[in-house]
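Which chain is which? The protein sequence lines are A and B, in order. Heads up, the first sequence is in this note's numbering, so the first residue is 1 and it goes up one at a time. Heads up, the second sequence is in this note's numbering, so the first residue is 1001 and it goes up one at a time.
Please note that a few of the clues may not be correct.
[Unchecked claim] Covered by chain A, according to a simulated footprint, are these stretches of chain B (three or more residues, beta-carbon under 8 Å):
{"id": "1", "stretch": "1073-1079"}
{"id": "2", "stretch": "1082-1089"}
{"id": "3", "stretch": "1105-1118"}
I should point out that these hints are in silico values taken from the structure, not numbers from a laboratory. We put the CB at the ideal spot given by N, CA and C, even for glycine.
Chain by chain, the residues run as shown.
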Amino acid sequence: MNAKRSITAAVAAVATALVIAVLADGDTRDRFLSGEGVAQGSLIAAIALGVVLTFRGSGVVNFANGAIAMYVAYVYAGLRAAGDLFLPPLPNPLALVEGVVHWFQADDALDLPDWPTSISFAGELGFWPALVLSLVFCVLFGLLIHLFVFRPLRNAPILAKVVASVGLFLLLQSIVVRRFATNPRTLRPLPFVGKEQVDLGVLRITEEALFVTVLVVAFTVALWAVFRYTRFGLATRAAAENERGAIVLGYSPDLLAGVNWVLATTISGLLGIFVASIQSTVDPLVLPALIVPALTAALVGGFRSFAVTTVAAFLLGMQQPLITYLGVNHDWFPRAGSQPIPGVHLLIPLVVIVAALFLRGDALPERGAVSLGRMPLSPTPPAWALRVGGPLLAAATAVCGLVLFTPSFRGALANSLIGVIICLSVVVITGFVGQISLAQMAFAGFAAFAVSKLSSEHGWPFPLPILAGATVALVAGMVVALPALRVRGVNLAIITFAAAVAVHDAVFRNPSVSDPLYGAPVDTPEWINPNRSTRVIKVLWFELGDGKLPNPYTAMFCLVAAVVLCYGVANLRRSTTGRQFLAVRSNERAAAAAGVNVGATKIAAFAVSAFIAGVGGAVIAYRFGGATPDRYTYLQSLVLFAFAYLGGISSVAGAIVGGCLVTGGIVWTFLSNVVGIPGEFTLLLGGLGLILTAVQNPDGIAGRVRSDALRLLGRRRPTAADAEVAEPPAHREVLA
Amino acid sequence: MSGRPGGDVLLETTSLSVTFGGLQALADLDLTVGEGQIVGLIGPNGAGKTTFIDAVTGFVPSGGGVTFRGRPIEGAPAHRRQRLGLGRTWQSLELFDDLTVRDNLRVAAERQSARGFLLDLVHPGRGRDEAGVDFALDVLDLAGLADRLPTEISQGQRKLVGAARALAARPRLICMDEPAAGLDTTESHELADDVRRIRDAGITILMVEHDMGLVLGVCDYLYCIEFGVKIAEGTPAEIVSDARVVAAYLGAAGRDRVDVGGLDVGGPEIGGLDVGGNGAGDG
């Protein structure tokens, strides 16, 4: 206890010394106390305050809060510019008709009616009407999220809540991308504050940035006062401690959670609008990603203190211009070639998160909920699936890929098989062991860039770089496993999320790792080279290969890797190790009492999972003939996590279903080529499906199919969904 | 420590202490369990009984010494103590709900090595030793439930599975945390038989229990603690007549009923209240 306190004091002292050192030097002080940095800090603070509010109100760590602020800013921008409230795009059901028509007549474009795209409020709106309407939208939006997403999940395991907020993130972002594309949208300046510089002695800042800063501070003080002095605040705190206690005292935890959701959405939305107006643009990528520094600030504040959270958020915002300045102007700054290495300002939140979690232990107190639902069911793979089902499926896939599929489906098959591999890695770490990792594509990226170095610079022959790359990923996985020994649940999700963001910028986009223009080349053997059309081989009376791109053997290469890994994971689940994994997922202390070394088990699971992800990353590199950073972003990690959960996160079958669902995979290629639902809907429907899966069907598609099949066969077993209805016996005993 | 029956010392604690923040949950507790005994640990709610099991099995940091099979184990992590032959059950069961009953037992019975871990990827079912699992299923007569999930069976059966999981590793000593909580009188009688069968299979038992009928019926030796301090020890007959135990725990009613029935105690005043109390305080 005392050692911990002295370490905390030491860290605080070092941080203070750093701040003083920065302030002592005139140059660095000007960069640190820049209007730009302060404005960024207030935006981070706005998102972080919403995160803390939501957590205190409902126990949910909302990864989507940045996306919510972005969405509201888009709503406001639409209202202000044209008086239009845009509606979420949906696939046109009439496209089915069009699709069928296209089977028969090729080029006739039908003019079919589509969904309305917006509700119009008679032309351009003034600032105040647009703001008020946006705030009304915020209130409804917060209520909607609470009622339809997180209220049904109030007794669900943490995993389901993380999944739902990731789903919300993807859904909101993809709605905006589908409607407005990724290019920034301009906003008009705020009418009541100007852009003139104000000299505050130590700080020169524009009027509008000063206004937003004051507003954020005012909100912080107000929230602090509300939680400290009002009955509402008291009740929320009571409910967070013990929901049953709050019920007994006559408060509805649901109502409290709902009010807090509305407050959080409104505050984040309002400040999102203001800061976007100051920066005069908003785009669907930057704001949602600010959730990383926002979560960092919230963690520093222990997900409790509004004041500490706000201060940390400002510091995190203000360090960015300073780091950029140091990188450009100081020789000691780490460089790659002649450029300062990128992404250092993103490494700082990661370091702060790791330090905060280590010093605090588990930063997030487990909420005193009445009961917790079950994790997705993880059945032992039956013998018939391994002996008959697997080989048949693999053979059928090979026949499809080599003989039956058209070129576009061959590409889709390769994408899906890669998806299967990444989903498998999620199944091992999250499905089997219950550790939420949002950095799987970062592990894949480590392997991919290692493959590039080994194959093209060192000339290693073909299969070796895959193993070496996957081993690099394995080491990265074991490094990530170290914090997992101390932190669990959503804390681990936050660490891995921050790591995925930082690694992408600081490592993968490092010019010495990957050329900014051309990426990192991979020396691909001819037979799997995707850009080589195969010869047509005649076997008896039928022809193998159609001489077109892509090379069908690329998909066969992916198939071999996927099949080997599927069998490895299925075997793992059937083995001693698999049972120990599930024991740890189910109950860590009971596992320890049963002789399971929980720490070693987690490290092993991370190692296996990262190795699999690494093989996936290497396969991606070979499949595309090179590694580019954009395939290994944090967003890709989230997306693949989403599809793994959608397919069924705790079984090999689920990973196979998840792989079919990935962007550019079999299912979407079918939907866009045959049915006529464009591929841009992948993430939109994927995000929506993820939320629905989290709420309605935690076993995923594969789990649902399995339980339905068992029901038909008359051998019914309860699913996780049933367990939520029937309270677990342990709690019945308590209530008796 | 005189007058205690039994053979060699299997478990011994010396000045075992546990503090939670400023609260002294256990203070300088000396306790000995001899090979082949059934030892009971009794005391009112909040006396520190479960904390004692937690400290002995490695789930709370403790001061003082714990010696098991002649070896000091106070610094060892929980999983290593289990592998030395120190098993435990939980009052709240803590079964692995995702695994079948047999797999629950296998987790406790199977050891894992680095080499075994790699072999698991290619050949998962190799050379499986089911002796411990079958032994546990056999002792508690659970073979019929082996392929069910814990969520599909009754609460009484779940309690037996919890005990079976501890037995599957063929421990030398098993610490049972309130095995009779929530059971009715008939089930409690059956449990007494189960406990004796476990002992007859060569496993020593340390039992925390409120059901005085069960405790007095099966235990060879009893310790009584209050507020983390030992207030009495002795044979069941000595304990029920100990003035401090009666005052602190059994109360006049309890004493009367013990005198009358011997087996038909553990009435609702004690056992019933405890179910809720410990459930909420657990963890």
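Verification of the hints:
1. 1073-1079: holds (count 3)
2. 1082-1089: holds (count 4)
3. 1105-1118: Since 8 is at least three, the answer is holds.
In this structure, every one of the numbered hints holds.
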